[in-house]
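Novice: Chains as they are written, first to last, in the working numbering: chain A, 1 to 259; chain B, 260 to 549; chain C, 550 to 1491.
Since the hints were derived computationally from the structure, they do not count as laboratory data. Each residue gets a CB set at the ideal place from its N, CA and C atoms; glycine is no exception. If a hint is listed, it holds; no wrong ones were tucked in.
Derived BS3-like pairs: lysine-lysine, alpha-carbon spacing no greater than 25 angstroms straight-line:
1. B:477 x C:1418
2. A:74 x B:461
3. A:119 x A:141
4. C:1491 x A:141
5. B:548 x C:1365
6. C:1483 x A:141
7. C:1294 x C:1433
8. A:119 x C:1488
9. A:249 x C:925
10. C:586 x A:141
11. A:141 x B:477
12. A:119 x C:586
13. C:586 x C:1488
14. A:74 x C:1391
15. C:1294 x C:817
To give a feel for the contact side, a few chain B residues facing chain A, derived at Cβ under 8 angstroms:
16. 455
17. 459
18. 466
What follows is each chain in one-letter form.
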Amino acid sequence: MTTLPPPSAKKLGLVIDLDTCVGCHACVVSCKGWNTENYGAPLSDQNAYSGAASGTFLNRVHSYEVQPPILKDKPAAPAQLIHFPKSCLHCEDAPCVTVCPTGASYKRVEDGIVLVNEKDCIGCGLCAWACPYGARELDEKAGVMKKCTLCVDRIYNENLPEEDRQPACVRTCPSGARHFGDLGDETSDVSILVAERGGFDLMPEQGTKPTNKYLPPRPKDVEPEYDILAPYLEPIAEDGKGFVGWLDKALSALPGGAK
Amino acid sequence: MHPAPSVIFFTTFSGLGYGLLFWLGIGMPAPTGWVAFVFFAIAYIMAVGGLLASTFHLGRPERAIKAFSQWRSSWLSREGICAVATLLIMAIYGAGLVFFGAEWTILGWLGAIGALLTVFTTSMIYAQLKTVPRWKHWTTPTLFLLLSIGGGALFSGNVKIAIPLFVIAGALQAFAWFHGDGRFNASGTTMETATGLGHIGKVRAFEPPHTGTNYLMKEFIHVVGRRHATQLRIVALVLGFVIPVILLLLGAKHVLGLLAVVSHVAGILALRWLFFAQAEHVVGLYYGKR
Amino acid sequence: MSLDQPDLELSPKVSDEIRKTTCYMCACRCGIDVHMKDGKVAYIEGNKDHPVNKGVLCAKGSAGIMQHNAPSRLRAPLKRVGPRGSGEFEEISWEEALTIATKTLAPVRKKAPEKLAFFTGRDQSQSFTSFWAQGFGTPNYAAHGGFCSVNMAAAGIYTMGGAFWEFGQPDWDHTKLFMLFGVAEDHDSNPIKMGIGKIKERGARMIGVNPIRTGYNAVADDWVGITPGTDGLFILAMVHCLMKAGKIDLEYLGRFTNASVLVNEDPKSEQFGLFLRDADGQPQVIDRNTGELAAWNGKGVEPDLSATHRHKGVTHRPVFHQMADRYMADSYSPEAVEDRCGIPAKRIRAIAADLARVAFDEAIELDRPWTDFRGKKHDKMVGRPVSFHAMRGISAHSNGFQTCRALHVLQILLGSVETPGGMRFKPPYPKPATAHPKPHGKVTPGAALDGPHLGYVQGPEDLLLSEDGSPTRIDKAYTWENPMSAHGLMHMVISNAHAGDPYKIDTLFMYMANMSWNSSMNTGGVMNMLTDTNEDGSYVIPNIIYSDAYSSEMVAYADLVLPDTTYLERHDCISLLDRPISEADGVADAIRWPVVEPDRDVRGFQSVLCELGARLNLPGFVNDDGSQKYKDYADYITNHIRRPGIGPLAGFRTGEDGLQGGRGASNESQIDNYIANGGFWVEHVPENAAYYKPFSMDYQSWAVKMGFFDAVQPYIFQLYVEPMRKFQLAAEGIGTRQPPEHLRKQVLETMDPLPIWYPPFEDAHVDPIEYPIHALTQRPMAMYHSWGTQNAWLRQIHGHNPLYVPTGIWESNGFKDGDWARVSSTHGSITVPVAHQASLNKDTVWTWNAIGKRKGAWALDESASEATKGFLLNHLIHELLPPKGDGMRWANSDPITGQAAWFDLRVKIEKTTAPAESKPIMPAIKSPVGKGPKDQAWKVGK
Ligand SMILES: Nc1nc2c(c(=O)[nH]1)N[C@H]1C(S)=C(S)[C@@H](COP(=O)(O)OP(=O)(O)OC[C@H]3O[C@@H](n4cnc5c(=O)[nH]c(N)nc54)[C@H](O)[C@@H]3O)O[C@H]1N2
Ligand SMILES: Nc1nc2c(c(=O)[nH]1)N[C@H]1C(S)=C(S)[C@@H](COP(=O)(O)OP(=O)(O)OC[C@H]3O[C@@H](n4cnc5c(=O)[nH]c(N)nc54)[C@H](O)[C@@H]3O)O[C@H]1N2
Ligand code: SF4
Ligand code: SF4
Ligand code: SF4
Ligand code: SF4
Ligand code: SF4
Ligand SMILES: [Mo]
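Pulled out of the complex, with its shape left as it was, chain A reads as follows (with noise of 0.2 angstroms):
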């Protein structure tokens, strides 16, 4: 149904590490992969093997540069790289539900997971209108909306062994770059992560209450402190020579070294 159900205290969703995140694919085709197979009706591809190839997936991984501001007295820090998977960030206010003509698209009362119910959905795209993260396609082959179910068939899957009972992505994902939990639960490891690191929403004011969290860049290329280092490298001779005779010394001062 479209109306949102009262927030869930289980906020079940995704913590993603910018600072970790190496930008490599992985989450999104065993995302592709699980849920070609599972949930609903396969992710299809279009023009698969020709030109202009075009499929549903669920989650894709942008990059950005970002070129820290170029001040006066320093020369200018070298622009940044950040890898950035985006899936649905299941939000609190997802206006993708309330938007639904259907009652296809809706928000778990028990957990929070936004999904669609491919039986009642009638392809209309509105909701992917309504989505402001781009996290909802539709599939061209089976006419219906799909976005990321938050693995909802793994996750409580008692065929599962209990460890692999966490969404694809994040099982797979080499780096650890992702993490999943209950966000409702200030003492879960996802909510300490982002208490710890300064997690934050994407766009914000659009007043949709992420669910999912991302956890920023750690600062990079920063100024050593020269002086601090500039011991490590106190010469202690500057040339071949001078050099054998410190290591006589040094030697001799090692276990064992009195000759």
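Knowing the structure of chain A, use the given hints to seat chains B and C with the ligands on it.
Specialist: Coordinates of chains B and C with the ligands only, in the frame set by chain A:
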């Protein structure tokens, strides 16, 4: 946004159709018999044709009936209900006029309100979207309504009313364009808020997530050249309002009237093309485009 | 409407069965769980128990299902019916295919086995294919290592008995400062990502040294955007700083490296620059206990880093003195190199200081006692938690060998190789050069070669030269052009065979290498060589047999195509005899097995070699009665015995008390045991043997027990590589084997036994002012060379490739989004789309490797973006350098190893109007497998 022909068609003709129904509903004019039949036929062809066109862009049109269920929250659902209810009411009202020569006024007024509601709900589908700052504005429903009753007035022969409505609509449209041009920037949504990386510096899209295309890019990212847009705006204003007004002032009969209609419809189609093509969805920011 | 929501099936059945095997979407070889539904492959995910990937899987691995289903899969053996290169074939039976192959090869073997050139690409069965080639008797065998990363491998083996990736890895659990040189992806794809994740979690620091800031380098805390080809300068400047400050691990250097070995200092001596040796040939050191000469490995000896020695009137100084003389000179100072490297001197110093700080101030200790080979007991393991990793960015230059050496020497000076927090070897490595075989090339018609093809030379006497000094091998490996070419030179084979230099061949037999496209330099030229004809109309390279699994560009150039299976349809073994999947804490190997049977008339290539070997009567492939020895590859894997107790697989061998790892007799159900164990076998390195492996008796005896070698063989690191000095001596005119005149200078200047830097060769042949820009390629993480393209999922991610251009060049050319440029080298020019990147070295442009495709290949439609917008940089790179006017063919390779110098390329760039398609435009080849479907929606379950 992708200017899909089906949606341009739908908004244009259902707007005109319901506009005409509005005038018929309030009895301006209130023809009977064959004349009524022709008026109602024109209104229904436009309204139903528009609605049918709108189903072309559905992935699963055979399930369209499900769209009536979510009236409590969904403008699209409300629109569907209003549209169908209005058509039903006006069908009865029209039958009265055509077959019984009877003017069931209350029913007519109900239908007229329904027609306005239909157009309003249609407009709110767009005006509600925070993701498209150009649309999220009072001018969107106002213009939809003005154009609908203005066009309806033209079709229904209410020339005296059509002329001022066209003048107002043209002016408001010009204002809406002008004001709309700045709304994306005013919305506060930027690449920096989209990525949350603004604290580091200026954000630029580097590589898209894929070299091919996808639904989002096809649906939401449509770049119209600035010069091209200005030209089209002028064309739309001239065709949609200036020419019809001149023609109507010259005398609204027969050929001139027909020309005014053709010109107006062409103008509205152009204007609707711009309505979609110029609307920028915030998701484009993720692709470094708008 | 109420808040009711649909009933969801939260526990759908995931699959009928999981089959565990090994991924082969790249050479990382992760363990995979293949989920089966109705006997079909439904979903692939990582195997949580697997030592390599511990459950994670990269994009390619997850897309394996699309590779396995690809429409480009070959369907049956193919016989060429049109001209070479046309792609016109007819499908034939295996019997016919094997008959043709036998008829072609049998006479060659009988008369002149060297006229078969058998080269394999990303072959993971090299111990098997080389065994086959050895049996055939041709000296002309190698895999792709020569154009890939032999500089790294050989520099590592000669210096310290192993390098990175297959040999070693950073100590991810302990390292505090990690420096990455010239890596975009590497073979160790998932482990590196997992390692970076671990480092980040611990808050340790990472520095990326790379002209391009993407991928790993993008997440590095610091980015050093070095100018290509200058890493050697940067590294040696850090060596300069560290030596000058005495920030080096003297204890470690004295005990575990040849820094203390005495070197002859007399320029007039024939032994000049060689080690002082005793009667047993052991290098000599001064023992600090006695002040007397001693063998480096004498019991209880404490080698002195500083003491000199006069012997027969000649002064002998320890290696370390020479190093101090050299590297403390001002020419190695940061100030002297900063302009060339594009790194400010201050920054170089800061990084060196940081290395010193972490290595010595933040040293760690593990409470693990161990005993070294001199019998000294150590009660702790001292760690210098700085670690390095590097790959082709420093390797694929013509100064790459020396640069890789420099990096290894830097690590060793810090005492961070094989110590906690540093760089660790993966068993069966470390293994010094002297423990490897030497190269063999003695041909006897109708008989096997005299020994293994590839190995590590110890001096001019080991070169593969015939009486008249001409090369024994078609690729000229182990000649004066590239004496230490440990992996052969696959990139020279076609060029040399075409030129008949050193001789003509009869049959080119290739496996798994797309030589007419992305794995060749000078792609267009190679196509011409493959199709060139003699006056009588016959082909210059008479016969080409090729095995591929897919409809690649190379298939079109073969006369006979032997279609392989996909990786889910065959047996394979990832063997300790080869490049195993071990990790630093465990020795491991693995198998592939047919989790599904092929649905086409294709066969595993190794099984085909078993049969072809038998038909050709090759030793090792026939029984005494002449019958076929190995029914198929599975049979070989199970029953082949290399040395007593040692076979292709080390796990589940038959011992006295049942199954055991390491040594043992063969076991008929070995493959089943592997399958039951998840497709792999692993045995953990004992705790007290986990570090200091080369010097640790704890490790050495475990290694012998496991069968890595037959007797303990501790060794010390070779800061000074004496064999290199032997080549120099020959160039100076000493000895019976000397380089030809035109190569003397090159040998002398490049084969320095201590790391040096010299400018990349292309700089000397090409005008750097006309061609001011460095042009590079990088591996995309989600694509494997040309294989990825046929994959419907992956090709949406990388369907074409722009040339990335730094801000300065972007602006000075007035480029805008969507623009195209003409990019030229001295060798050729291409016209390609450009894109802007700010986080890029200011003199460098680059593109993703191997995205561009030939029209008609890979079952793609001709409209495919790979062919219309994608491009190969290879058109601009030549296997030979531009002629110098001396009439010589100067190879575009490292002069020591022959490593192809892909990244030496210099170009110029100019804006041009957008053409309809990227150029050069090659005519389409005819697809032997048709084209893929337009749309697809793959689901095997209901
Ligand atoms: N410009 C530029 N060029 C480069 C490089 C670079 O950095 N820059 N790198 C170089 C390096 S390091 C390398 S290793 C080469 C790689 O170049 P190649 O070795 O040519 O790489 P692939 O494209 O992987 O091609 C291998 C062939 O193996 C086939 N194949 C795949 N799976 C199977 C199988 O299961 N069985 C069989 N029989 N065949 C199979 C594929 O279809 C393909 O035709 O490229 C080199 N080329
Ligand atoms: N996904 C994927 N993985 C692969 C492969 C693949 O095709 N796809 N191929 C496999 C193969 S065959 C190989 S050989 C490995 C190679 O793995 P890598 O060694 O990672 O090879 P490249 O991608 O060629 O990356 C070379 C890197 O060196 C940088 N570089 C170039 N010149 C210089 C220089 O002078 N100095 C420094 N510091 N950096 C420089 C380039 O910018 C680039 O980042 O990857 C293997 N893994
Ligand atoms: S991210 Fe988009 S699709 Fe997901 S809940 Fe929020 S608005 Fe809806
Ligand atoms: S596309 Fe489907 S889920 Fe989305 S709004 Fe329309 S009916 Fe609802
Ligand atoms: S949670 Fe599942 S559906 Fe969502 S992005 Fe990850 S893999 Fe895809
Ligand atoms: S799998 Fe992990 S590292 Fe790779 S792109 Fe996704 S989030 Fe980033
Ligand atoms: S890194 Fe990826 S492609 Fe390579 S073996 Fe592992 S999972 Fe397969
Ligand atoms: Mo390679």
